[in-house]
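A.B. asks: First to last, the sequence lines map onto chains A and B. Those letters in the first sequence? Residues 22 to 126, by this note's numbering. Those letters in the second sequence? Residues 1362 to 1473, by this note's numbering.
FYI, nobody ran anything at the bench for these hints, they're computed from the structure. Any given hint could be a false lead.
[What the hints assert, rightly or not] Straight-line Cα separation of at most 20 Å, EDC-like style, residue types lysine to aspartate or glutamate; simulated pairs: (1) K1408(B) to D1398(B); (2) K1389(B) to E48(A); (3) K1389(B) to D1418(B); (4) K1421(B) to E1410(B); (5) K1449(B) to E48(A); (6) K1421(B) to E1452(B); (7) K1468(B) to D1398(B); (8) K103(A) to D1418(B); (9) K1389(B) to E1399(B); (10) K1468(B) to E1399(B); (11) K1413(B) to E1399(B); (12) K1408(B) to D1418(B); (13) K1406(B) to D1418(B); (14) K78(A) to D1418(B); (15) K1413(B) to E48(A); (16) K103(A) to E1410(B); (17) K1421(B) to D1398(B); (18) K1468(B) to E1410(B).
[Stated by the list, open to error] Simulated coverage check for chain A against chain B, where a stretch passes if three residues somewhere in it have a Cβ under 8 Å from a Cβ of chain B: (19) 32-46; (20) 65-79; (21) 84-95; (22) 101-110.
Every residue gets a Cβ at the ideal spot worked out from N, C-alpha and C, and that includes glycine.
So the chains spell out like this:
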Amino acid sequence: MIRIDFIFLFILALITLTSRLIPFVFESKLSFIQKFQKTQILLPTLFMLWLVYLGLKQTPLDPQGILKYACVLLVGFTHLWKNNFLLSILIPTLVYCFFLNIIFS
Amino acid sequence: MMVVLLNMRHLAYGMSLVRQMGSWNIIKLYNILTLTDENYGMFQKYKREYGKLSQWDTFKVFSLSHIYWTFGCTFGAILGSGLLSNLKGLEFSLLALFLCIVIDGLKQLYNS
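For reference, chain B alone in the conformation it holds in the complex (with noise of 0.2 Å):
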């Protein structure tokens, strides 16, 4: 239950996302099924910057962080169960994470 709750922000990012991810097509299927946290963050950022992100432009940014993704879990599981295994407060990067994305959030409220 509380995984199904927690993948709810997903519905919530992808309800403020509906067309602006441009025409049905494989990229626009890899790009909603690349929407993770930090790739909603970078998109909103990219989108306050540079006005309307294209759907290559996003394939380009999304791809990147699923490459960048696949080798740093590959690469954080090797250390963490070798070098860091002992190091303790790690997760903590996920809270600031997702306080940085409030506070974007708040930011482009505050300035609409």
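Looking at chain A on its own, in the form it has when it is part of the complex (with noise of 0.2 Å):
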């Protein structure tokens, strides 16, 4: 069993560091994306909004998922207003674990 995990995990860990790896063998390929810096931008944060859809895609409309929107919405609040990555995590996280363990639980 912990040679079938092992084995398991190595093959992600293989896939990661493989697509890490991948656009910088190619960059001489790719480097006309460089003239789009638009594009530039805007690929990671597609992949990003999609991972984020993922994320709530599944949220039900119960009071544990309108926490979990109002916590995304601080989230978003917070960046905008002080645009530092710790505090735009950490707050609406403390937040979101606070009412779901002491409040709903």
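Please dock the two separately framed chains into a single complex, following the hints provided.
C.D. replies: Okay, here's the thing in structure tokens:
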């Protein structure tokens, strides 16, 4: 069982490292992307947006779900206000954990 | 399949950073292999604030992040298996990170 887990983790690590390396292996062919400044920003942003969607798509509209949506808004508000990654992640996560573990438990 | 799809984001990070990691050497290889979501977010932030980031500066940021990551994961695993095993909701921090990168990206798009 441990051996299978190890092989599975090894494959996951290999996929991750390969996906990081591929664009740079072909960077001479991909260098045209540098000319399109907006594409450089747009591609990762779209992927992140997709991950945010995946994180929220199964969130129901019950009190716990509304709490999650409220904390998402809090992330947006904190980041636009302070522009600090640590604060924007820490404050809403603590608020979410507090409500989830104290109020909703 | 889901793992492959999720890892596609690294392709997007890489494509947006081609020609920005300097010439090929062991430092560049290290910088590429440690290009996590957090490192990408920090790279974009520093690039926006200080202009172009040198290979050595990138290495300093990424290697520190690597150390934090290793100790943080170990510390988190120990805490999570014991003291904080019943704490729910910590996974929200990942969603918050993705959202911060989206907001930063949208701000950059708006300003460019």
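A.B. asks: Give a verdict on every hint.
C.D. replies: How the hints compare with the structure:
Restraint check: the Cα-Cα separation between K1408(B) and D1398(B) comes to about 15 Å, which is no more than 20 Å; the hinted pair holds. Distance restraint check for K1389(B) and E48(A): the Cα-Cα separation of roughly 13 Å lies within the 20 Å cut-off, and the hinted pair is therefore satisfied. For the proposed pair K1389(B) and D1418(B), the alpha carbon gap of about 11 Å is at most 20 Å, so the pair holds. Between K1421(B) and E1410(B), the direct Cα distance comes to roughly 17 Å. Compliance with the 20 Å bound is thereby established for this hinted pair.
Among the hinted pairs, K1449(B) with E48(A) is inconsistent with the structure: their alpha-carbon atoms are about 42 Å apart, more than 20 Å. Distance check on the hinted pair: K1421(B) and E1452(B) sit about 28 Å apart at the alpha-carbon level, beyond 20 Å; violated. A distance of roughly 18 Å separates the Cα atoms of K1468(B) and D1398(B); the hinted pair therefore holds under the 20 Å criterion. At roughly 25 Å between alpha-carbon atoms, K103(A) and D1418(B) are farther apart than 20 Å, so this suggested pair is violated.
With a C-alpha separation of about 17 Å, the suggested pairing of K1389(B) with E1399(B) holds against the 20 Å cut-off. Under the criterion of a C-alpha separation no larger than 20 Å, the hint pairing K1468(B) with E1399(B) is consistent with the structure, at around 18 Å. Annotation: proposed proximity of K1413(B) to E1399(B) holds, straight-line Cα distance about 18 Å (limit 20 Å). Of the pairs offered as hints, the one joining K1408(B) and D1418(B) holds, with about 11 Å between alpha carbons and a cut-off of 20 Å not exceeded.
At roughly 13 Å between alpha-carbon atoms, K1406(B) and D1418(B) fall within 20 Å of each other, so this suggested pair holds. Taking the CA atoms of K78(A) and D1418(B), the gap is near 38 Å; set against the 20 Å cutoff, the hint is violated. With a CA separation close to 18 Å, the supplied pair K1413(B) and E48(A) stays within the 20 Å bound. Of the supplied pair hints, the one linking K103(A) and E1410(B) holds, its CA atoms being roughly 15 Å apart against a limit of 20 Å.
Between K1421(B) and D1398(B), the direct Cα distance comes to roughly 16 Å. Compliance with the 20 Å bound is thereby established for this hinted pair. Under the criterion of a C-alpha separation no larger than 20 Å, the hint pairing K1468(B) with E1410(B) is consistent with the structure, at around 13 Å. Interface restraint, the segment 32-46 of chain A with chain B: holds (10 residues with C-beta to C-beta distance below 8 Å; minimum three). Restraint check on the segment 65-79 of chain A versus chain B: 10 residues with Cβ-Cβ distances below 8 Å, three needed, restraint holds.
Counting residues of the segment 84-95 of chain A whose CB lies closer than 8 Å to any CB of chain B gives 3, which reaches the minimum of 3, so the coverage claim holds. Chain B is given as covering the segment 101-110 of chain A, and this holds because 4 residues of the stretch bring a CB closer than 8 Å to a CB of that chain, at least three being needed.
The structure fails to meet hints 5, 6, 8 and 14 from the earlier list, while all remaining hints are met.
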